[in-house]
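8 protein chains.
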Amino acid sequence: MNPKKPREVPVHDKDGLPMARLDVERTKRCGSPEAVFALRKTPAETTAIVKALVRAQGHALVTRADPETTRALRRAWKNIKVAPHAGTALVGKMPAKCSGCGWVAIAAAGTSDLPVVEEAELTLDSLGIESRVFADIGVAGIHRLFARLDDLSGASVIITVAGMEGALPSVLAGLVSAPVIAIPTSVGYGASFGGLSALLGMLNSCSPGITVVNIDNGFGAAVAAARMLALRE
Amino acid sequence: MNPKKPREVPVHDKDGLPMARLDVERTKRCGSPEAVFALRKTPAETTAIVKALVRAQGHALVTRADPETTRALRRAWKNIKVAPHAGTALVGKMPAKCSGCGWVAIAAAGTSDLPVVEEAELTLDSLGIESRVFADIGVAGIHRLFARLDDLSGASVIITVAGMEGALPSVLAGLVSAPVIAIPTSVGYGASFGGLSALLGMLNSCSPGITVVNIDNGFGAAVAAARMLALRE
Amino acid sequence: MNPKKPREVPVHDKDGLPMARLDVERTKRCGSPEAVFALRKTPAETTAIVKALVRAQGHALVTRADPETTRALRRAWKNIKVAPHAGTALVGKMPAKCSGCGWVAIAAAGTSDLPVVEEAELTLDSLGIESRVFADIGVAGIHRLFARLDDLSGASVIITVAGMEGALPSVLAGLVSAPVIAIPTSVGYGASFGGLSALLGMLNSCSPGITVVNIDNGFGAAVAAARMLALRE
Amino acid sequence: MNPKKPREVPVHDKDGLPMARLDVERTKRCGSPEAVFALRKTPAETTAIVKALVRAQGHALVTRADPETTRALRRAWKNIKVAPHAGTALVGKMPAKCSGCGWVAIAAAGTSDLPVVEEAELTLDSLGIESRVFADIGVAGIHRLFARLDDLSGASVIITVAGMEGALPSVLAGLVSAPVIAIPTSVGYGASFGGLSALLGMLNSCSPGITVVNIDNGFGAAVAAARMLALRE
Amino acid sequence: MNPKKPREVPVHDKDGLPMARLDVERTKRCGSPEAVFALRKTPAETTAIVKALVRAQGHALVTRADPETTRALRRAWKNIKVAPHAGTALVGKMPAKCSGCGWVAIAAAGTSDLPVVEEAELTLDSLGIESRVFADIGVAGIHRLFARLDDLSGASVIITVAGMEGALPSVLAGLVSAPVIAIPTSVGYGASFGGLSALLGMLNSCSPGITVVNIDNGFGAAVAAARMLALRE
Amino acid sequence: MNPKKPREVPVHDKDGLPMARLDVERTKRCGSPEAVFALRKTPAETTAIVKALVRAQGHALVTRADPETTRALRRAWKNIKVAPHAGTALVGKMPAKCSGCGWVAIAAAGTSDLPVVEEAELTLDSLGIESRVFADIGVAGIHRLFARLDDLSGASVIITVAGMEGALPSVLAGLVSAPVIAIPTSVGYGASFGGLSALLGMLNSCSPGITVVNIDNGFGAAVAAARMLALRE
Amino acid sequence: MNPKKPREVPVHDKDGLPMARLDVERTKRCGSPEAVFALRKTPAETTAIVKALVRAQGHALVTRADPETTRALRRAWKNIKVAPHAGTALVGKMPAKCSGCGWVAIAAAGTSDLPVVEEAELTLDSLGIESRVFADIGVAGIHRLFARLDDLSGASVIITVAGMEGALPSVLAGLVSAPVIAIPTSVGYGASFGGLSALLGMLNSCSPGITVVNIDNGFGAAVAAARMLALRE
Amino acid sequence: MNPKKPREVPVHDKDGLPMARLDVERTKRCGSPEAVFALRKTPAETTAIVKALVRAQGHALVTRADPETTRALRRAWKNIKVAPHAGTALVGKMPAKCSGCGWVAIAAAGTSDLPVVEEAELTLDSLGIESRVFADIGVAGIHRLFARLDDLSGASVIITVAGMEGALPSVLAGLVSAPVIAIPTSVGYGASFGGLSALLGMLNSCSPGITVVNIDNGFGAAVAAARMLALRE
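Chains as they are written, first to last, in my numbering: chain A, 21 to 253; chain B, 21 to 253; chain C, 21 to 253; chain D, 21 to 253; chain E, 21 to 253; chain F, 21 to 253; chain G, 21 to 253; chain H, 21 to 253.
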């Protein structure tokens with residue numbers, strides 16, 4: 021069976037037991053970075069994995085870090101960029117921005133959605149892709165969307181971020197021709213059921229051509245956008 | 021305990037056993053008609069109840085009738101108006117249209133939503149209220165909504181009807197000042213889960229002031245609109 | 021495409037990045053106020069937005085504020101009215117009560133539902149609409165409802181607030197002719213599933229003419245009531 | 021380990037393979053009859069089991085029989101009582117009515133609930149217990165319930181049957197002192213989700229002392245009522 | 021409309037606004053006590069309501085009190101009995117135990133279910149009904165159940181308390197003839213979904229005659245048992 | 021990357037387009053047969069795939085065949101064994117029964133569960149494994165289970181099959197030491213939600229050591245049992 | 021408000037009432053075709069809309085047509101291509117294949133997923149985009165996927181189609197660098213809950229960069245792929 | 021009724037009331053240990069039960085202990101092994117490892133799954149069964165799995181541990197012939213719904229022969245593996 025076995029980097033815990041196996045050639049193989057998903061990892065575990073990853077590839081992206089982990093990372097590295105509400109951190113040497121690759125618009129329905137916006141933004145940074153944020157253009161005051169439509173139309177890919185009923189991508193995808201990636205957020209209460217309402221709304225959009233990622237998944241949407249932008253090359 | 025005991029009309033089955041108790045003063049008491057909900061009733065049961073109701077108040081509205089029941093009603097009454105896809109029927113003398121009461125707009129996102137539109141329309145007919153239908157103005161091509169906005173703005177109450185992600189009321193309620201009643205429909209497939217996606221979308225709308233009724237409930241939305249119109253008097 | 025572009029007010033964060041775009045003509049356009057939904061916003065974000073809103077329109081309504089945000093608002097403004105359990109605040113100059121507009125009854129099933137009652141009450145205050153609260157009249161002791169029925173019948177619109185099985189609007193809508201808006205609350209435990217039981221109960225009411233808003237959504241119910249009251253003018 | 025091994029009656033299929041083991045002493049042991057649950061059984065299987073049961077105990081109750089099975093039973097036995105909408109049949113010698121045991125009220129919210137009423141009624145018949153049906157007394161016109169309250173108060177146990185929001189037991193249990201068993205029915209559409217709305221409503225009732233059985237489970241409610249009535253002896 | 025208006029006792033908050041209306045004749049009317057459901061009430065609200073209730077009827081039962089509320093109650097009354105894990109308190113003069121009324125068995129599957137057992141036990145105490153607890157007799161080691169079967173058979177009513185798969189009532193109801201009330205508990209993790217697994221198991225029991233109350237609802241089960249025991253009189 | 025590429029057999033539709041790729045060395049590689057899952061395949065598609073599979077390995081197992089497909093298979097092969105209610109068919113040369121491999125007990129709670137029993141039984145036949153069925157030993161009459169316990173204890177692996185609350189494996193696993201595989205069935209109605217109640221019950225069993233397969237998945241349980249039996253060799 | 025009002029084509033029913041408003045410039049505006057969603061439309065409605073669409077733009081794509089509608093379309097047009105299992109039809113002049121645009125791989129886990137594959141395939145045909153199908157390469161025999169990996173790597177965009185646990189895109193996205201669109205299908209039974217299991221699996225994929233569409237939504241995935249391919253131009 | 025009554029050990033609380041009944045012959049009877057499920061027990065309750073269990077059988081396994089309980093256990097016993105993230109503790113004399121019994125592989129998809137791995141590992145320790153952990157071999161970089169396949173193939177039973185989409189057992193079961201037990205974990209966010217996505221994925225696996233336990237249930241999987249290993253003897 022092909023393909024060839026990619027290089028991997030083992031990480032061990034303080035007792036010398038194997039804890040993680042880093043897939044450091046993932047970017048080369050499939051355009052997606054090996055990032056560190058910090059949820060349910062201890063600060064020590066995350067720091068150890070980040071250290072190995074920075075050594076192997078020069079920088080490391082961390083998502084879903086709790087405040088304690090974020091503090092541990094800040095203590096360990098100077099060269100770090102943190103989006104605190106999102107729990108996202110980019111450690112090490114920042115990749116150069118790709119010129120001529122186009123840019124990604126991140127369009128957010130409301131101010132409460134900004135942490136998810138930041139996770140997407142920092143992920144794109146880690147991939148050397150330019151992005152621009154369009155904040156608070158939800159459909160309740162649709163003139164706010166129309167006022168930015170010309171700017172939005174210049175993007176190669178549009179990531180939309182919305183909680184509650186998640187209607188922004190439905191309206192937007194009927195007005196532009198770029199690929200539209202929809203991120204449902206857990207912003208809401210009651211019958212939003214932790215983002216389920218926005219997720220179902222986006223999956224059932226009457227505007228064809230929208231694709232959807234998991235609730236609050238700014239990281240995944242950014243990686244998908246990067247794969248799409250690579251088609252321009 | 022008040023209030024006074026309203027008049028009621030018992031209906032019996034063919035064995036003489038009590039089957040229903042008609043609340044024939046409901047319209048007087050609370051502005052809502054006593055209608056016949058035909059789901060899970062046999063054609064014979066429905067016909068017997070309709071007969072008693074027409075005798076008591078001159079006409080009767082039937083909802084959720086299956087084709088066999090509709091045929092039974094057509095055989096029994098000449099003076100009948102039927103919306104076959106909706107399974108709605110209005111039997112007996114049509115009420116006069118109220119002049120000076122204002123009118124209700126019924127705005128539907130797609131052609132597949134029309135059966136629910138018809139249930140609302142015929143219910144308003146049964147209450148003597150004028151209505152106008154705005155078909156196929158869903159948000160995937162939002163210019164279709166803007167083209168009708170001036171007309172819609174003349175309505176006293178707007179009923180919106182949408183399946184899939186149910187985004188139409190969110191956009192519309194941000195553009196008009198009339199009360200907006202949202203009916204989610206079961207139009208959709210897969211993760212629409214029988215209308216759940218549209219229902220959740222409407223309940224979580226970021227446009228304040230929308231109220232929601234049950235999935236496919238054209239009857240309930242029309243009765244609610246009638247209660248609101250009565251405030252104009 | 022019409023309509024004309026409404027005025028909007030941008031708000032920036034401490035780094036000068038755009039954070040919100042206030043829709044300050046929403047009340048004029050659609051009778052609903054631009055309020056500040058504080059959930060998942062930092063106290064600093066909420067305060068900055070409130071400041072811009074008070075400057076633009078004289079007062080601002082805040083919903084879903086956590087205690088820290090409430091304290092920040094109290095520090096920043098003297099002219100403030102706070103419903104602490106609800107996390108609702110009305111900042112700035114109170115609007116005058118509209119005389120001759122009728123009034124809204126807020127009927128609550130139990131004492132535990134009072135925070136949601138307060139959110140509705142303060143929202144109506146912010147719109148200059150009079151309201152009266154009828155507390156603890158749930159259906160388990162239905163004489164409590166009957167004892168207040170005459171008073172309730174004077175209301176132009178009735179907002180009902182109930183958790184658990186949410187049966188209050190079903191009973192009430194069969195006894196009055198005013199529009200009945202139902203707010204399910206998250207009061208309950210076990211199979212109430214955070215208010216789902218009350219929500220489903222209200223959506224499936226056998227009393228026609230009830231409309232429903234999201235779980236615990238006192239704000240939305242109040243705005244909907246305001247739209248309905250405007251029909252009286 | 022006690023208790024003593026009760027007698028059981030094996031039933032074989034046409035190939036002589038064991039198919040069922042009848043627990044013919046269940047009534048003696050725990051007051052509940054061994055009944056035949058016909059769902060997903062073929063008419064031949066059901067008929068064979070009924071034959072063995074009639075032989076062992078003189079009569080047999082069948083629930084959830086489809087029309088084909090009902091016809092097969094009618095062909096096989098003359099001495100049969102069938103509730104066709106419910107798919108319930110009572111085959112063989114009818115038990116004598118117990119005098120002095122009290123009686124059970126079966127209170128139904130709407131006409132569409134009658135099939136479930138019939139399943140409960142025929143089950144009580146099979147146990148020799150008297151019952152009286154109170155049809156169409158749902159809470160949308162609550163005067164219909166009050167008009168029958170004196171009669172209802174004479175019952176030893178009350179079974180309430182309601183679909184949609186299932187509010188009838190909540191109101192009733194606040195007015196009487198007898199045990200109230202609540203049967204949610206699958207009557208409804210849209211967000212009733214096959215009876216889930218009524219089930220959740222009844223489980224979350226604010227009236228204490230209500231107990232609930234499965235959706236449409238007239239049989240189980242009747243057996244539970246029989247166990248309660250036995251306390252009078 | 022009957023029945024006569026029962027006496028009610030209003031309670032006001034510290035601003036003099038009405039907060040609750042006590043239904044102090046509920047026990048007389050329907051055998052169920054007016055208890056104080058403390059969930060989402062402040063300690064001050066609960067204490068005020070308890071005070072009014074003790075004044076009116078000599079004692080008061082409180083359920084779902086958080087530790088802060090429990091402490092407040094202990095400070096305010098000496099004559100108090102508290103089940104701390106359950107958050108249940110019985111304040112004031114304990115009712116005399118009814119002799120000759122029979123007794124209620126409370127059979128619990130596991131040690132973790134004991135808080136729910138205590139809520140049921142204290143509620144029965146407040147109604148003057150004797151109860152006996154059978155702890156840790158779940159079906160994983162079924163000999164533990166058989167060892168207590170003779171004792172259990174002496175009970176007039178059996179309340180079963182079980183989390184996880186909730187199989188205890190299914191097995192028990194096949195062995196005894198008393199009414200069996202099943203309380204699903206939220207004990208479990210993962211796919212127990214907060215008690216949903218036990219709730220569905222109990223509703224779908226293949227042993228007929230079981231009735232079910234809400235998850236963790238020891239109070240409701242006890243009140244239902246009391247209604248049943250009253251049939252013995 | 022290892023392992024070596026296994027042989028595969030392509031199947032084409034009538035237009036010569038590739039339709040399936042048979043994994044004919046799966047039994048050798050992982051002890052599980054390549055079976056034909058007929059759900060949503062046309063009779064022609066299923067027949068073509070079966071033909072290729074019989075040619076490659078002498079026999080073929082088909083699951084989830086509708087009656088039309090079953091008829092097509094009977095027409096095409098004489099050497100066939102069909103379980104019609106289950107929609108399972110075993111085509112071609114029957115494998116010899118393995119002697120000395122031990123046997124599998126299939127214990128079913130009720131008669132309505134027998135189709136699922138048959139799917140498991142025929143799958144075990146196709147693997148040359150002996151099985152014995154223990155029908156109708158559900159927990160509502162637990163003496164039926166105890167009466168067969170000695171026989172059951174001789175099995176190497178026990179497959180339990182139960183719908184409704186699915187309590188049989190919980191009780192059984194506390195009495196025997198063999199591995200217990202639990203199949204929840206969709207037998208039930210109302211709140212069984214198509215087998216969800218039994219599935220959750222089995223997953224949350226308080227008896228440790230039970231493993232669970234999908235609802236109605238007799239095939240998967242049998243293959244798992246075969247993998248376990250191979251440990252005896 | 022911009023943008024300019026696009027041309028629209030109204031369609032009327034046989035009574036002359038408006039039924040649909042075709043958005044015939046959608047392809048120009050946003051790269052997505054105006055297709056006809058036939059679910060819940062009558063054959064007459066669908067045929068009328070197709071007629072108007074063919075007149076306006078030369079061809080029309082129909083999705084979710086039932087067999088009766090498919091027959092009506094075949095009778096009305098000779099120039100038609102139908103995928104009968106999918107209910108998809110392409111009516112009128114076929115668009116020319118775009119050369120130099122790259123091609124889309126459609127990778128399906130199992131034979132039962134082919135109807136969804138066909139809907140995607142025909143939609144790409146209607147947009148002039150080349151596609152190649154890779155059938156039956158699900159993860160249960162992962163060598164089947166590796167055998168086709170070189171071919172798959174040539175695609176510009178990969179659409180994966182899988183029911184049951186939906187694991188194919190997770191594995192594939194870790195091996196290729198093209199954008200991966202995942203379509204969950206409703207293939208499965210029991211706890212697949214109509215495709216929910218595959219949908220959740222795909223949304224929660226540990227392989228970053230996957231985007232997801234609605235269950236069985238071959239049309240939407242194809243339109244999304246077309247938007248992505250346009251980035252190559 | 022057989023079987024003979026096993027010995028049981030009662031435990032009392034500090035007031036002398038019965039609290040638990042230990043089933044100390046469970047291992048002998050059914051190969052599963054009597055363990056202490058500490059969730060919702062107080063540290064005092066857990067410690068008392070552990071004390072009785074250690075006295076009866078020399079050691080005791082505790083699962084789901086919170087940090088406070090873990091500390092209490094550490095204070096009470098020196099001879100203790102604790103997996104702190106899992107909340108698992110093994111108190112008393114460690115059982116000897118069984119030689120010649122084979123060993124169990126525990127294969128985990130990601131680093132965040134390690135607490136569940138530890139619960140399984142310590143449970144196997146308590147049963148004297150050898151195990152080896154294979155960490156971080158999830159399907160996103162499938163070469164990591166292939167690199168360990170030869171080692172994995174030596175195991176008698178394989179326990180797979182995976183959150184998110186839970187695809188690891190599907191791939192693995194197609195490559196090995198040992199029994200595969202799948203543990204879904206609650207690792208994930210958004211639409212993982214606390215492990216539901218992994219649970220459904222594993223139940224719907226297209227690889228036959230996988231069996232599943234509850235979310236995060238390392239204990240149950242280990243006990244099931246022990247039952248299977250006993251077949252080798």
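The hints are simulated quantities; they were obtained by calculation from the structure and are not laboratory data. Since the structure is predicted, the reported quantities are computational estimates derived from the model, not experimental observations. Watch out, some of these pointers could steer you wrong.
Listed next, the in silico DSS-like pairs over lysine-lysine satisfying Cα-Cα at most 30 angstroms (straight line) [to be verified]:
#	chain 1	residue 1	chain 2	residue 2
1	B	Lys-34	D	Lys-117
2	G	Lys-101	B	Lys-98
3	B	Lys-34	D	Lys-98
4	E	Lys-117	C	Lys-98
5	C	Lys-113	C	Lys-71
6	A	Lys-34	H	Lys-34
7	E	Lys-34	C	Lys-113
8	D	Lys-101	B	Lys-34
How the hints compare with the structure:
no., hint, in the structure
1, B/Lys-34 - D/Lys-117, "26 angstroms, holds"
2, G/Lys-101 - B/Lys-98, "45 angstroms, violated"
3, B/Lys-34 - D/Lys-98, "23 angstroms, holds"
4, E/Lys-117 - C/Lys-98, "57 angstroms, violated"
5, C/Lys-113 - C/Lys-71, "13 angstroms, holds"
6, A/Lys-34 - H/Lys-34, "41 angstroms, violated"
7, E/Lys-34 - C/Lys-113, "26 angstroms, holds"
8, D/Lys-101 - B/Lys-34, "17 angstroms, holds"
When the structure is compared with the earlier hints, violations turn up for hints 2, 4 and 6 and for no others.
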